[in-house]
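*Asks:* Protein chains in written order, with UniProt numbering: chain A, 1 to 664; chain B, 1 to 664.
Keep in mind the hints are simulated off the structure, nothing from the lab. It is possible that part of the hints are untrue.
Since the list gives no way to pick one copy over another, a pair counts as held whenever it fits inside one copy or between any two copies.
[As the list claims (entries may be wrong)] Pairs of lysine-lysine, DSS-like flavour, derived with a Cα cap of 25 Å:
hint: 1; residue 1: K59; residue 2: K628
hint: 2; residue 1: K449; residue 2: K580
hint: 3; residue 1: K538; residue 2: K352
hint: 4; residue 1: K328; residue 2: K504
Protein chains: 2
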Amino acid sequence: MEEVDHLAHERRTANFDVDAMKVVWAGSRRAFEIADRVGRLVASDPEFRKDNRTSLGRKDLFTNTLRKAAHAWKRINELSLTEEEASMFRFFVDEPAYVDLHWGMFIPAIKGQGTDEQQKKWLSMAYKMQIIGCYAQTELGHGSNVQGLETTSTYDPKSDEFVIHSPTLTSSKWWPGGLGKVSTHAVVYARLITDGKDYGVHGFIVQLRSLDDHSPLPGITIGDIGTKFGNGAYNTMDNGVLRFDHVRIPRDQMLMRLSQVTREGKCIQSDVPRQLVYGTMVFVRQAIVSDASKALSKAVCIAARYSAIRRQFGSQDGGPEIQVLDYKTQQNRLFPLLASAYAFRFVGEWLKWLYRDVTQRLQAGDFATLPEVHACTAGLKSLTTSVTADGIEECRKLCGGHGYLCSSGLPELFAVYVPACTYEGDNIVLLLQVARFLMKTVSQLGSGKKPTGTAAYIGKAEYLLQCRCNVQRAEDWLNPSVILEAFEARALRLAVNCAENISKASNAEEGFTDLSADLLEAAVAHCELIIVSKFIAKVQQEMEGHGVKEQLQALCNIYALSLLHNHLGDFLATSSINSKQAALANEQLRSLYSQVRPNVVALVDAFNYTDHYLSSVLGRYDGNVYPKLYEEAWKDPLNESVIPDGYHEYIRPLLRQQLRVSRL
Amino acid sequence: MEEVDHLAHERRTANFDVDAMKVVWAGSRRAFEIADRVGRLVASDPEFRKDNRTSLGRKDLFTNTLRKAAHAWKRINELSLTEEEASMFRFFVDEPAYVDLHWGMFIPAIKGQGTDEQQKKWLSMAYKMQIIGCYAQTELGHGSNVQGLETTSTYDPKSDEFVIHSPTLTSSKWWPGGLGKVSTHAVVYARLITDGKDYGVHGFIVQLRSLDDHSPLPGITIGDIGTKFGNGAYNTMDNGVLRFDHVRIPRDQMLMRLSQVTREGKCIQSDVPRQLVYGTMVFVRQAIVSDASKALSKAVCIAARYSAIRRQFGSQDGGPEIQVLDYKTQQNRLFPLLASAYAFRFVGEWLKWLYRDVTQRLQAGDFATLPEVHACTAGLKSLTTSVTADGIEECRKLCGGHGYLCSSGLPELFAVYVPACTYEGDNIVLLLQVARFLMKTVSQLGSGKKPTGTAAYIGKAEYLLQCRCNVQRAEDWLNPSVILEAFEARALRLAVNCAENISKASNAEEGFTDLSADLLEAAVAHCELIIVSKFIAKVQQEMEGHGVKEQLQALCNIYALSLLHNHLGDFLATSSINSKQAALANEQLRSLYSQVRPNVVALVDAFNYTDHYLSSVLGRYDGNVYPKLYEEAWKDPLNESVIPDGYHEYIRPLLRQQLRVSRL
Ligand SMILES: Cc1cc2nc3c(=O)[nH]c(=O)nc-3n(C[C@H](O)[C@H](O)[C@H](O)COP(=O)(O)OP(=O)(O)OC[C@H]3O[C@@H](n4cnc5c(N)ncnc54)[C@H](O)[C@@H]3O)c2cc1C
Ligand SMILES: Cc1cc2nc3c(=O)[nH]c(=O)nc-3n(C[C@H](O)[C@H](O)[C@H](O)COP(=O)(O)OP(=O)(O)OC[C@H]3O[C@@H](n4cnc5c(N)ncnc54)[C@H](O)[C@@H]3O)c2cc1C
C-alpha cells in the first residue's frame, strides 16, 4: 500500500531546520539520539502496544501493565541500558506502574534519608528489583499536612523493635502507588514515639508482603483504593490502602540519616544537616516540570496536526474548505500552548542545572540559596502542571467532537495527567509557600539582605516601582528587555501591594490569610517571570540550524505576550503597562501568529514523538485521520455483534409494547 | 445503626430558610414538589443504582443502560407520569441513553420540520416508543459546517423514491447518539438532489433496522464509534456510525413542512416561514443552559460538603484542624462557582420564559426579535457550558487527591459533561455568531434602528461610552445599578472597539477574521452582562422565606464581582472602572465570602439532590466520608483476590530474577 503524507504540504512550508530543532528540544545531540533510539525500540515492540488500553476492564488492564513492566525490565537488562536509558525506556512505555514509585520515590527516599549502611543493604536489593518498594506517606485523613499524619511507630526497648500501628480509620495509608497489589516493601511515614514522647513524622522501611508467596504479612491489611479518573489512564496503577495492626519491625529499619533512635530508646539528631533532604525535592520537582512539557507537547502535537487536516467552512467554488488551523481563534487557543510547551521544556532544562548547582552547594554546606530554590521549584511545579492540565483539555476541545473519542488519545492523556496538580504538593498549597517567600523577601528589603537567583529582581524594587514601559509601536514588544521589565514590574508591584496590605492588618498572619487569594496572583506572576526570563535566556544562546532561533524567538514572544494578555488586569492595575500598550501587544501577537502558522506542524514534528507514544488517531504523523478513525471504531466490544446484548430483554419488548406493566 | 449528621453544625449555622430556598431553586412550589417526589422515586428503586457504573466494561455498561431505560419506561407508564414528570424521571435516572435523543431530538425534529400529516403518522408511533429514533446530522468530515454535509438524497421520479447514499468515507454519519445499536429510525440530514440540482441539506426519516429482528436494513452499515472519555460517563450511549449504499425511501419521508418535492421532482418552498424552525433551537438551548446549572450545582454540592468535612493544618493544642472550607483560597475558588450555579439556574428560568415569548411571536408572524434571541441563546449556551465544564474540574481539584477517585463522582461528572461544549454548536463557533450580531447591531446604531431585549443597552451607546464609575467605597459595589453599568460599559466599549478596528481593515470580512480573538471577548462580555442582569432582576423580585433574599443578593454580588476580577483587563482597558475601584471590588468580595461562609452547606442543600443523584462518597448528605470511602475501595475488582492475577507470571519471576533474559 502506498503511504501518503497528508501533512506533506505543511512540512514543505516550514522555513526552519526541523532536525536541528529536534536537537534543541532534546537538549543535546546525545540526548536526542538516546531518546530517538529508545523511543523507536519501544514503539516497534508489539508487547508494548497500548491501543487497546482504554477498553480493558480494571483487572485485565492491570495484569497487562504487570506484563509490560516485566517485559520492560527484561528488555532493559537484555539491552544493558544505562540508568538514563532505562528511565527513558520506561518513559516511552508510557504506562503508570509500580515501577515509577519504586525508582522514583522508594529508592530516592532511602538514598536521601538512609544511612550509608542502610543504603548499602536496601538499595542493592532494590536496584535488582529483588524487592519492590513504594512510598507510603499520605493517609485517608491527611495529605497536604504531612505533620498531621496519625500512623504511629512506637519504640519498644524490650524487643528493640518499632511497633507500627494505625490507631484510627483516617490513619489508614491511602494513595501510595504500587502499594495496593505489588510492593513487597514500603517507606512508611509515621510518628516516632519513644520514651513516651512524640518526635513527629519519620520514615521507616516496612516489609508488607511475603517474598515467598506475596501474601500480606501478619497485622497488615492491604488493598487497592478503587477506580480512578478515566479509561485506562492511571488505573494501571495500584494506588493502595494499608492498615497496620501493631506490626513489628527491627529498630534498624527506621531511616536514620538525620535522626536516630538508640538501643535505649533515646532519639538523637545526627550531625547531617536536615537541609540535605531538600536536594531530593528539587530533583523530584524538576522531573515533574519536565513531564509537564512532555504531556503538553504531546497534546499540542495531536491538536496541531489534526487542525491542519480538519477543514470546516469557507469552500469557494467547490474547492477545499478552510483548515481549522487557519482560524485566528484556533490559533489564539493553540499557539500559546505550543509556546508554553517549549517554555516548560527550557525551564525544565534549567531546573536540571539548578539541581546540580544546589546539590554542590548543599554538599559544600552552603544553604543560603535554599529558600529561593524552594520557592522557585514549588512555584514552577504548580504553574506548569496547572497550565498543562488545562492545556490538554483545551487541545481536546480544539479537536471538536472527535477529540472526545478515546482514539484521539486526549481523554486518556488528560485523565492520566491531572493528578500532577495534586500529588507532590497540592498546587494551591505550593503557591502559598511561594507567596510566603515573596513576602519575606520584600519585608527584608530594607535590611540590606540582597535577594538572589530568581528573586534577584526584587532587589531592584526601587527602580521597578517607578519605571515606565515605553512601548510606542507594536514592534517594540519584540524587545526582550522591554518584556522582561514589564513582567518584573508586574511581579514586584503585586508582591509589594500584598505586603503593604498585609502590614495594615492587625497581625501579619491574619493579613496573610485574608489576602491569600491576592497572594496567589503575586506568586503566579513571580513564576511566570521566571519562565519568561529562562525562555529569553535560552533564545539568546548560540543555536545551530537554519531558522531555529527565529522560530524560538517567535514562540518566546508568543509565550510572553499571550500571558500578558491573559493577565492584563495585573499589568494595568499595577500600571506596569498602559492600555494603549496592551493593544499594541495584541497587535504584535497577531502578527506573530501569522509568522508561526506555516511552521506549526514542523514545530510539533520537532518533538520527535513516535505514533506509538502519541497513540492518537488524530495526531498521526501521516495525517491519515479519517480512514483510521473509521477502522478504530469497529474494534469496540459493542461491535462484536450486530444485535446488541440486551436486545431481546430490553428493546424488543419495549418496541412491541410488551413491557409487563403492573398498573398500580 | 445510629445515623450521625457530620454536617449538622454547618446546617445549624445557616441563617436563612433552606426550605424556602429549595422552592426558589426549583422555580415554584409545584416544580419543587414534582422534582422532590420523582427524585425520591428514582433514588429508592434499586434497579437504578449507579454506584457500579464506573467499573463496568463497555458491553455490560451498555446492557445495563438498556435495562434501566426499559425499566424507566415501564415505571413511567405504571405511574402514569405526565410528560413533565417523565422527563424529570429520566433526568434523575441520570444516565445518557438513546431515549435522550429519541425524546430530545428525533421527536422535536419531526415536530418542527414535519407536515401535520407526517407528525400524525410518525409521532404517534414515537410517543409510544413503537419506533425509536435518533438525529443523524454530523458526519465524519463535517460537524460545525452543516451546509457542507456530503450524504446525498437523490429523487428518483421513476419510483417516487429518494435514494440515500454516502458517496465518500467522510460522508459517513458519525456521532449520532442512539444510532450505533438501538435506533430503528433516524432523521437523516442529506443534500436534496432532484432534477439534477443540489438544493442543500434537508431532513429525511429513514428506517434503519428491522422492527422484527433489529437487523440493519439492506444497504445500511451501522455500528458504534467506540469508547469515549471517562469511565461510565457517556459510554452508556451508542454514538454511532452509519453508511448508506443507495438506500431507497418513499418520497413522503422527506420532512416537508418547509420545502416539498413534488411527484414530478420539483422542489418548492412551502409558505410556512423558515424562521419557525428557530423555535426548536431556542428550546434546545434553554434546556442545555438548565442542564449546565444542574451539572455545576452537583459538582459544587460535592465540593462544598467535602470541604466542610476535610480538615488540614492549623490544629492548636491538639484540637481539630481547620476545615479547608475556611481557607480563603478555597473560598475564592468555590464560592464564585456556587454563585454561578445559582446564576445559571435563574438565567435558565428566564430562557424558558423567552422561549414561550418567542414562540408566541413566531406564531404571530413577528420575527423582529429573532436575531437578538438567537445571539442571546447561542451565547448563553456557550458561556454556561464552558464555565460548567471548567467548574466541575475545579471542584474536583478542590477535593484534593480524593477527588481523583471515581467514588467521588466528579471524574464521571466531568467526562459526561464536557461534550456539551461541543455538541449543539461548538462553543467558539457560537460565540463568533454572537460577535457577528454585536458588530451588526453596533454598525446600525446610526440608522435609528433601536436594539431591543438583551441588546437594548447598546442603544445607550452614547451614554455608556462616556459614563464613569463612581465607586468610592467598597460598599458602593453592593449597588446593583453600579454593577450593571460597569458591565454594560465594558460590553459596549469592547464591542465598539472591535467595530472600530474592523472598520480600519481593507474589507470588513477580513477585519472580522483578523480580530476574531478580540471579538470572542466582546461576545463573552455581552453574555456575562445578560446573566448578571437576569440575576439582579431575580433578586429584585418578591421572595418568601427568612434570609433567602439576603443570601441570593450576596451570591449575585459574588457572581458579578468575581467576574469583574477575572476579567479585570477588560474593565481597566476600557476604563469602565479604575484600578482603585478594582481593589475596592476585591475588598467587597472578601467580605461577601465571610458573609456566605456559614451558609454554604445550606445553600447546596437547597438543590435538594438525593445521595443517589449525587452518587458521590465525598458529597454525601450526612458527610460520613471516610468510612464510606474505605468501604467503597474494597469493591474494586482488583480486590477480589489478595494476590493479583499475573503475580505468578510477572511479579514472582522478576523478584526472583527469573525473567528469561536472552542477552543479545
Ligand atoms: C494519582 C495520585 C497518586 C498519589 N501517589 C502517592 C504516593 O505514591 N504516595 C503518597 O504518600 N501519596 C500519594 N498521593 C497522595 C497525594 O500526595 C495527596 O493527595 C496530595 O498531597 C494532596 O493532599 P490531599 O489529598 O490531602 O489534599 P487536601 O490537602 O485535603 O486538599 C483539599 C483542598 O484543600 C486545600 N488546602 C489544603 N491545605 C490548604 C492550606 N493550607 N491552605 C489553603 N488550601 C488548602 C487544597 O488546595 C485543596 O483544594 C497520590 C495522589 C494521587 C491523586
Ligand atoms: C458526545 C457527543 C454527542 C453527539 N451527538 C450527536 C447527535 O446525536 N447527532 C449529531 O448529528 N451529531 C452529534 N454530535 C456531533 C456534534 O454535533 C459535533 O461534534 C459538533 O457540531 C462539533 O462539530 P465538529 O466535531 O465537526 O467540530 P469542528 O467544527 O471540526 O471543530 C474543530 C475545531 O475547529 C474550530 N472551528 C470550526 N469552525 C470554525 C470557524 N468557522 N471559526 C473558528 N473556528 C472554527 C472549532 O472551534 C474547534 O476548535 C455529537 C458529538 C458529541 C461529542
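*Asks:* Each hint needs a verdict: does it hold in this structure or not?
*Replies:* These are the hints, each one checked on the structure:
1. When the C-alpha separation of K59 and K628 is checked against a cutoff of 25 Å, the pair qualifies only between copies, where the shortest distance is 23 Å, while the shortest distance within a copy is 28 Å.
2. With identical chains, the CA atoms of K449 and K580 are never at most 25 Å apart, being 37 Å at best within one copy and 32 Å at best between copies.
3. Taking the shortest alpha-carbon separations for K538 and K352, only the intra-copy value of 14 Å comes in at or below 25 Å, while the best inter-copy value is 56 Å.
4. For the identical chains of this complex, K328 and K504 are inter-copy neighbours only, at 18 Å across copies versus 46 Å inside a copy, given an alpha-carbon limit of 25 Å.
Hint compliance for this structure: hint 2 is the single one not met.
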